[in-house]
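K.L.:
In the order they appear, the protein sequences are chains A and B.
Number 226 in the working numbering belongs to position 226 of the first sequence; there are no gaps in the numbering.
In the working numbering, each residue carries its 1-based index in the second sequence increased by 527.
No wet-lab data here; the hints were simulated from the structure.
One thing to keep in mind: the hints can contain errors.
Not everything, but these chain A residues come out facing chain B in the computed CB check (under 8 Å) [as the list claims (entries may be wrong)]:
1. M57
2. L60
3. Q61
4. L120
5. E382
6. R425
Calculated lysine-lysine pairs in the BS3-like style (CA-CA distance at most 30 Å, straight line) [said to hold, decoys possible]:
7. K600(B) / K80(A)
8. K17(A) / K600(B)
9. K59(A) / K775(B)
Covered by chain B, according to a simulated footprint, are these stretches of chain A (three or more residues, beta-carbon under 8 Å) [claimed, not checked]:
10. 36-47
11. 71-82
12. 262-276
Idealized CB from N, CA, C, for every residue including glycine.
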Amino acid sequence: MDPVNIIIDGREVVTTKGKTVIQAAADAGIVIPYYCYHPKLTIAGNCRMCLIEIEKMPKLQIACNTQATEAMSVLTQSPKVLAARKAVMEFLLINHPVDCPICDQAGECWLQDYYMTHDLQASRFDARKEHDRKREIFGPNVVFDGERCIKCTRCVRFLQEITHTNELAVVNRADHSTIALFPGSVLDNPLSANVVDICPVGALTDRDFRFKVRVWYLQKTPSICPGCSTGCNISVETYQNRIARFKPRINEAVNSHWLCDEGRYCFHDLTGGPRLTTPLIRQEGGLVPTTWEHALQAVYAGLKSAGPLAGILSGRNTNEEAYLFAKLAKRISDDYALEVFYRERELTEVQKILMSPDRSPNFRGAREMGVSSNGGFESLMEKLVAGNFSAVYVVGEDLIATNGDREKVRAALQTLSFLVVQDTRLTETAKLAHVVLPATHFGEKEGTYTNRRGRVQKLNAAVIPPDGALQDCDIFLRLLDTAGEKNSYASVAEIFAVLAREIPSYKGLDYASIGDQGIELGSGSVE
Amino acid sequence: MEKILLRNIDVSDSHTLTAYKSRGGYGSWRKIVESMTPEQLINEVKASGLRGRGGAGFPTGMKWSFVPKDSPKPKYLVCNADESEPGTFKDRLLIEKDPHATVEGTLIAAYAIQSHTAFIYIRGELTFGASRLDQAVEEAIQAGYIGKNIFGSGYDLDVIVHRGAGAYICGEETALLSSLEGGRGWPKVKPPFPATHGLFGCPTVVNNVETLAALPWIIERGAAVYAAMGTEKSKGTKLFSVSGHIAKPGVYEVEMGYPFKKFLDEDCGGVANGRKLKGVIPGGGSMPVLRPEEIEKVNLDYESVQAAGSLLGSGGVIVMDDSTCMVGAAWNLARFFAHESCGQCSPCREGCHWMEKIFHRIEHGAGEKGDLDLILNVSGNIMGNTICPFGDAAAMPAAAFIKKYRDEFEAHIAEKRCTITG
Numbered sequence: 001m002d003p004v005n006i007i008i009d010g011r012e013v014v015t016t017k018g019k020t021v022i023q024a025a026a027d028a029g030i031v032i033p034y035y036c037y038h039p040k041l042t043i044a045g046n047c048r049m050c051l052i053e054i055e056k057m058p059k060l061q062i063a064c065n066t067q068a069t070e071a072m073s074v075l076t077q078s079p080k081v082l083a084a085r086k087a088v089m090e091f092l093l094i095n096h097p098v099d100c101p102i103c104d105q106a107g108e109c110w111l112q113d114y115y116m117t118h119d120l121q122a123s124r125f126d127a128r129k130e131h132d133r134k135r136e137i138f139g140p141n142v143v144f145d146g147e148r149c150i151k152c153t154r155c156v157r158f159l160q161e162i163t164h165t166n167e168l169a170v171v172n173r174a175d176h177s178t179i180a181l182f183p184g185s186v187l188d189n190p191l192s193a194n195v196v197d198i199c200p201v202g203a204l205t206d207r208d209f210r211f212k213v214r215v216w217y218l219q220k221t222p223s224i225c226p227g228c229s230t231g232c233n234i235s236v237e238t239y240q241n242r243i244a245r246f247k248p249r250i251n252e253a254v255n256s257h258w259l260c261d262e263g264r265y266c267f268h269d270l271t272g273g274p275r276l277t278t279p280l281i282r283q284e285g286g287l288v289p290t291t292w293e294h295a296l297q298a299v300y301a302g303l304k305s306a307g308p309l310a311g312i313l314s315g316r317n318t319n320e321e322a323y324l325f326a327k328l329a330k331r332i333s334d335d336y337a338l339e340v341f342y343r344e345r346e347l348t349e350v351q352k353i354l355m356s357p358d359r360s361p362n363f364r365g366a367r368e369m370g371v372s373s374n375g376g377f378e379s380l381m382e383k384l385v386a387g388n389f390s391a392v393y394v395v396g397e398d399l400i401a402t403n404g405d406r407e408k409v410r411a412a413l414q415t416l417s418f419l420v421v422q423d424t425r426l427t428e429t430a431k432l433a434h435v436v437l438p439a440t441h442f443g444e445k446e447g448t449y450t451n452r453r454g455r456v457q458k459l460n461a462a463v464i465p466p467d468g469a470l471q472d473c474d475i476f477l478r479l480l481d482t483a484g485e486k487n488s489y490a491s492v493a494e495i496f497a498v499l500a501r502e503i504p505s506y507k508g509l510d511y512a513s514i515g516d517q518g519i520e521l522g523s524g525s526v527e
Numbered sequence: 528m529e530k531i532l533l534r535n536i537d538v539s540d541s542h543t544l545t546a547y548k549s550r551g552g553y554g555s556w557r558k559i560v561e562s563m564t565p566e567q568l569i570n571e572v573k574a575s576g577l578r579g580r581g582g583a584g585f586p587t588g589m590k591w592s593f594v595p596k597d598s599p600k601p602k603y604l605v606c607n608a609d610e611s612e613p614g615t616f617k618d619r620l621l622i623e624k625d626p627h628a629t630v631e632g633t634l635i636a637a638y639a640i641q642s643h644t645a646f647i648y649i650r651g652e653l654t655f656g657a658s659r660l661d662q663a664v665e666e667a668i669q670a671g672y673i674g675k676n677i678f679g680s681g682y683d684l685d686v687i688v689h690r691g692a693g694a695y696i697c698g699e700e701t702a703l704l705s706s707l708e709g710g711r712g713w714p715k716v717k718p719p720f721p722a723t724h725g726l727f728g729c730p731t732v733v734n735n736v737e738t739l740a741a742l743p744w745i746i747e748r749g750a751a752v753y754a755a756m757g758t759e760k761s762k763g764t765k766l767f768s769v770s771g772h773i774a775k776p777g778v779y780e781v782e783m784g785y786p787f788k789k790f791l792d793e794d795c796g797g798v799a800n801g802r803k804l805k806g807v808i809p810g811g812g813s814m815p816v817l818r819p820e821e822i823e824k825v826n827l828d829y830e831s832v833q834a835a836g837s838l839l840g841s842g843g844v845i846v847m848d849d850s851t852c853m854v855g856a857a858w859n860l861a862r863f864f865a866h867e868s869c870g871q872c873s874p875c876r877e878g879c880h881w882m883e884k885i886f887h888r889i890e891h892g893a894g895e896k897g898d899l900d901l902i903l904n905v906s907g908n909i910m911g912n913t914i915c916p917f918g919d920a921a922a923m924p925a926a927a928f929i930k931k932y933r934d935e936f937e938a939h940i941a942e943k944r945c946t947i948t949g
């Protein structure tokens with residue numbers, strides 16, 4: 001990497017050969033505004049917002065397509081540059097409806113932001129605005145407003161260059177140019193909603209999210225997508241203690257800038273429906289509310305007195321939960337088998353860009369914590385159906401709903417001498433339980449997931465669990481306590497510190513250093 | 528003056544190979560293939576001082592020399608026959624009357640850059656011209672001038688005539704390449720330039736029909752003879768398409784440096800019907816209009832026209848007499864550019880139609896105070912800030928009409944009607 005010295009606004013900036021001025025400036029913390037430029041897409045150079053002045057060049061140049069060369073002197077704030085930006089802003093807005101009050105993009109619209117920083121003038125355009133298609137459905141997740149579109153072609157390039165599905169193109173000419181679906185195509189590829197994220201304006205909006213919340217009310221929590229074991233980095237965005245949407249967070253080691261549609265919308269299934277807010281215990285054939293103390297005593301007694309135990313943990317449980325679950329099983333039972341729920345499906349080429357075949361984001365991590373048995377999950381389920389276990393402890397999965405042969409599983413669960421279900425909702429499986437423990441979902445907990453490739457990443461609590469439900473870690477700790485093992489962990493971080501001492505591949509990993517971007521297994525400093 | 532470009536057009540059946548050969552046609556091609564290296568050819572054309580006749584006037588030999596010789600990729604020569612500039616119809620004449628000169632020029636340029644595939648991209652509307660080119664290429668193939676192992680030299684060259692779909696922007700060389708690639712006719716962001724990353728990402732030279740048609744003569748007679756014509760920096764001859772209020776409209780071949788006034792008054796017979804000249808656009812619709820007093824001392828060469836505040840461009844001379852409403856003329860051109868903007872980059876896409884709307888309302892008696900300064904400001908905001916020269920092409924004439932005929936525009940606004948045509 002050859003260093004290149006350039007001067008931006010009088011400041012000396014060292015960059016590397018091959019970088020453009022827009023990249024060099026961004027690296028140095030100097031903001032050059034842009035719309036069409038996107039670091040993961042080819043250079044279009046069409047918005048003209050990044051025009052800059054370069055010494056010895058008569059015309060302004062676009063920073064996105066100008067290579068930084070030795071001793072180049074760049075001005076990003078000269079009168080000529082400021083005037084050009086203002087002009088571009090004016091051009092982009094003359095045919096724009098300026099309907100911010102009813103536009104879902106308001107609050108995160110680049111036109112709004114740049115208007116405030118680079119334009120701030122009353123419109124000089126008093127002719128009739130050109131009209132375009134409104135609320136055209138592009139696909140199941142994306143809706144288009146042609147009048148708000150600035151033709152930056154980010155969406156078109158994303159579909160050409162990232163998904164290679166080519167659903168959209170620019171059609172017509174001059175100020176009748178617009179984005180349109182190719183005849184007969186629908187924007188329904190597995191990554192379709194990313195075009196909403198990269199659309200800098202209100203032209204492409206999310207059909208699931210729009211009109212639900214004004215974005216300035218959203219609270220944003222960095223976390224990990226619970227959809228599969230790729231572990232895409234996300235921002236969980238909430239309003240009034242409910243998840244409103246997922247947005248991808250940039251992590252070049254995992255998902256780059258993207259998030260698949262399945263992951264993006266999976267929170268509906270994972271968090272919806274009426275919540276369990278009190279432990280339930282089976283009495284005279286029915287489930288009745290009880291206290292946590294009574295429920296935990298019953299679980300301990302039930303598992304202790306039963307025969308062979310199967311423990312099934314959800315792939316959405318964290319490493320810390322899995323570590324405690326394994327510890328608990330060992331404490332209570334002499335004859336047990338543990339597994340993490342796992343199912344695979346075939347993926348298409350486009351799905352493979354991001355998605356993993358499973359839906360168990362922490363499958364690898366939970367197994368490394370000791371929630372694993374010979375033969376894996378399928379084999380354990382076969383044994384369960386065959387009647388090899390007399391007690392089953394299921395956490396966070398509805399075995400009946402997610403199994404191909406529902407009735408066989410139901411019958412097997414019904415013949416158990418003891419079934420504990422720890423979940424957020426009264427699932428079909430929970431209805432058969434002897435004790436039901438109300439727990440928390442991925443959005444309510446802190447902890448770590450280890451993705452398929454061995455990257456340990458941090459989950460953060462985005463919403464508060466309902467009263468009466470307990471964190472899965474707390475449930476396991478209280479059961480361990482009931483079983484006579486005292487632990488005094490004050491935080492998830494402390495549990496991680498312990499497992500990082502005990503589990504070989506996690507040796508030396510430091511909870512604090514996981515940060516927002518995660519750390520690789522084996523990267524810990526081992527004393 | 529000896530005609531170079533129009534030397535064959537009055538010969539009967541001038542479009543046929545027989546007629547072309549009877550005038551020495553393809554002699555230059557044979558001479559080059561049999562006895563000249565590409566370097567010698569490039570040097571010869573450099574020495575001739577030939578400059579691109581598409582409008583920009585860039586030295587042809589130098590343009591060829593930018594093509595990397597060691598590139599492992601195929602190289603392409605593209606003949607730009609997408610003539611669409613308002614008021615320009617010189618290439619059309621060459622193609623229809625003397626297609627073999629264009630074909631031979633294409634072969635010569637292809638040889639200079641050692642291209643083995645050349646394209647002639649012709650404007651969609653020129654169906655007759657396309658058929659003439661098809662026929663000429665076919666004749667040249669039959670005669671062995673195009674194909675494998677030409678003149679036994681081992682040099683192979685294929686020529687493909689490709690018809691565009693009639694978009695003005697496809698005359699811009701990178702938009703032409705996008706269109707030729709099968710894509711939307713959008714200009715490409717530069718750099719990289721076509722010389723290294725052109726058609727299908729390969730080294731490419733795009734030359735105008737008129738440029739190429741001059742090559743056989745230059746090779747036949749020698750660069751020195753060509754360079755002896757014209758001015759110090761504008762060599763040889765150039766075609767001018769003269770239209771509008773002129774007694775003898777048509778295509779004229781003129782030695783560079785010829786006095787503009789003399790050209791209009793004598794060669795072209797002066798303003799039609801004995802009326803007075805009001806303005807003239809010297810280089811096609813995208814160039815600034817000049818007032819009669821501005822052309823008094825102007826000569827028809829790149830430098831002189833530029834010094835007068837306009838550009839020689841494509842040589843499309845549009846003459847307007849004193850019955851012309853300059854508001855209407857400006858609106859006419861603005862409407863053309865608003866319609867033809869490709870829509871790719873913001874200033875041109877939005878600005879061209881904005882200017883058109885203002886011109887439109889002035890023309891229709893609804894102009895407002897401040898409209899003229901608004902157009903000048905908008906055109907200034909487009910100028911120099913776009914992906915391709917189209918933005919300038921739309922902005923320059925708009926600004927020039929207002930600056931040079933401001934009284935007329937102001938009267939139009941004040942009286943809410945045309946004061947010229949009533």
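K.L.:
Under the constraints set out in the numbered hints, which ones does this structure not fulfil?
P.N.:
1, 3, 4, 5, 6, 7, 9, 11, 12
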